[in-house]
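For the protein sequence lines, the chains are A and B, in the order given. Each residue of the first sequence is one higher than the last, beginning at 0 in numbering that gives the first Met the number 0. Each residue of the second sequence is one higher than the last, beginning at 0 in numbering that gives the first Met the number 0.
With the C-beta cut set under 8 Å, the calculated list includes, among others, these residues of chain A facing chain B:
#1 217
#2 223
#3 236
#4 244
Please keep in mind that the hints were generated in silico from the structure rather than gathered at the bench. No experiment lies behind these values; they were computed from the predicted model shown. The beta-carbon is built from N, C-alpha and C at its ideal position, and this holds for glycine as well.
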Amino acid sequence: MKKLDRLDWAEGLTLSTFGVRAGVRVNVLGVLPRVLPLLPPGWKKSHRVIVERLYSLVVAQGCERAGVRRLHLLYADSTRIARDAALNRVLATLETDLHRYTAEATSDMTFLHAGVVGWQGSAIVFPGPSLSGKTTLVREMLRLGATYYSDEFAVVDSSGLVHPFARPLGIREDSSYRQTKYSAEELGATSGVKPLPMGMAVICKYESGAQWQPAPLSQGQGALELLANSVAVRSQPDQTLRRLQKLVRHTIFIQGTRGEAHRAAASILNLSCAHK
Amino acid sequence: MKERQFPRARLDCLSREFGEEVLVYDLQRDVGHCLNSTAAATWKLCDGNNSPSQITRTLSRQLSARVDESVVRLALDLLANANLLVEPKVPVEYLSRRVAVRRIGFSCSDRFASGDFHCGAHACPGSVMLA
Numbered sequence: 000m001k002k003l004d005r006l007d008w009a010e011g012l013t014l015s016t017f018g019v020r021a022g023v024r025v026n027v028l029g030v031l032p033r034v035l036p037l038l039p040p041g042w043k044k045s046h047r048v049i050v051e052r053l054y055s056l057v058v059a060q061g062c063e064r065a066g067v068r069r070l071h072l073l074y075a076d077s078t079r080i081a082r083d084a085a086l087n088r089v090l091a092t093l094e095t096d097l098h099r100y101t102a103e104a105t106s107d108m109t110f111l112h113a114g115v116v117g118w119q120g121s122a123i124v125f126p127g128p129s130l131s132g133k134t135t136l137v138r139e140m141l142r143l144g145a146t147y148y149s150d151e152f153a154v155v156d157s158s159g160l161v162h163p164f165a166r167p168l169g170i171r172e173d174s175s176y177r178q179t180k181y182s183a184e185e186l187g188a189t190s191g192v193k194p195l196p197m198g199m200a201v202i203c204k205y206e207s208g209a210q211w212q213p214a215p216l217s218q219g220q221g222a223l224e225l226l227a228n229s230v231a232v233r234s235q236p237d238q239t240l241r242r243l244q245k246l247v248r249h250t251i252f253i254q255g256t257r258g259e260a261h262r263a264a265a266s267i268l269n270l271s272c273a274h275k
Numbered sequence: 000m001k002e003r004q005f006p007r008a009r010l011d012c013l014s015r016e017f018g019e020e021v022l023v024y025d026l027q028r029d030v031g032h033c034l035n036s037t038a039a040a041t042w043k044l045c046d047g048n049n050s051p052s053q054i055t056r057t058l059s060r061q062l063s064a065r066v067d068e069s070v071v072r073l074a075l076d077l078l079a080n081a082n083l084l085v086e087p088k089v090p091v092e093y094l095s096r097r098v099a100v101r102r103i104g105f106s107c108s109d110r111f112a113s114g115d116f117h118c119g120a121h122a123c124p125g126s127v128m129l130a
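Construct the entire structure; sequences and hints are all you get.
Now the structure itself:
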């Protein structure tokens, strides 16, 4: 860390998000504005000097020469977490790591891997890990008039309400893993602001050509699925279980295999209306 | 099935009630389990003092219905497979080196021959391995 500290740092900032304080510093002027849109939604500038995690972005300078590759480096505290010739990829690592760290370290909120939309005053939650099709389903819901809350995390407070984590949706345009970012507004939808109670949780997986025929799931089995997708269950097991208990009080759980997202999305919204 | 005379629930697991079910989180193995009402009631009665037949009688009283002991034994089996019970202490048996080597040899050859040799953790039905 001392070696890193000795480098010339051009600019930096301290941010506070969900009670977690982190710092970002860069060695080249003008790079920090590219970092700002990647910070967790709702972050605030902090004036404190001491942070829980410090990101150091070393941007390669100077012109390329034959036989010499200039690589950008990213450190989280003293651990190097990215080393790449493309700055975009290094910035993507910064975003992923900072969001994951926030989700693990905060005790203000409990983070679950899930997509979330708001619909008629309650939240519909789709728990699932990365690459399980959360964003595709959320995008279809937005097309049908739902409010955007998150495509990555359901953020649950101590009273069991779901808060927005409305980062831009990372949409995979083709079969590659590369994502293009779109805000909810760019997709013609609105982002939620108010915390909502969870009305429905949908446990589904994608299978090409599958018919969407959801079956009800018991509260305990549903809570077990949520537990499997909670980020900090190892470090905060008691708090996670307590909040899950409050979260699922008035929730109906359904489970099934879906084919194309637009059919499942319409059916889920209808089911949610019928439940009310 | 192992004979469990006085089964005892593990105390180092976290549990919370969700309706009639109980969610149990195994801190050591990082695994969650969902117990239905019968399994949950059985698990709560596993205090190390109750035998399966005593558990059956208490359950029948609690549920105001006749509970068969085979149901309780099945629940105990499932709880044991999910590692939610304290393993019974098996008295140490001192063997001669010759007998020990012979037993270990048989045991290994049996396992490999049947192709039933597993390493690592496995999930029980109704449980989810947490990442």
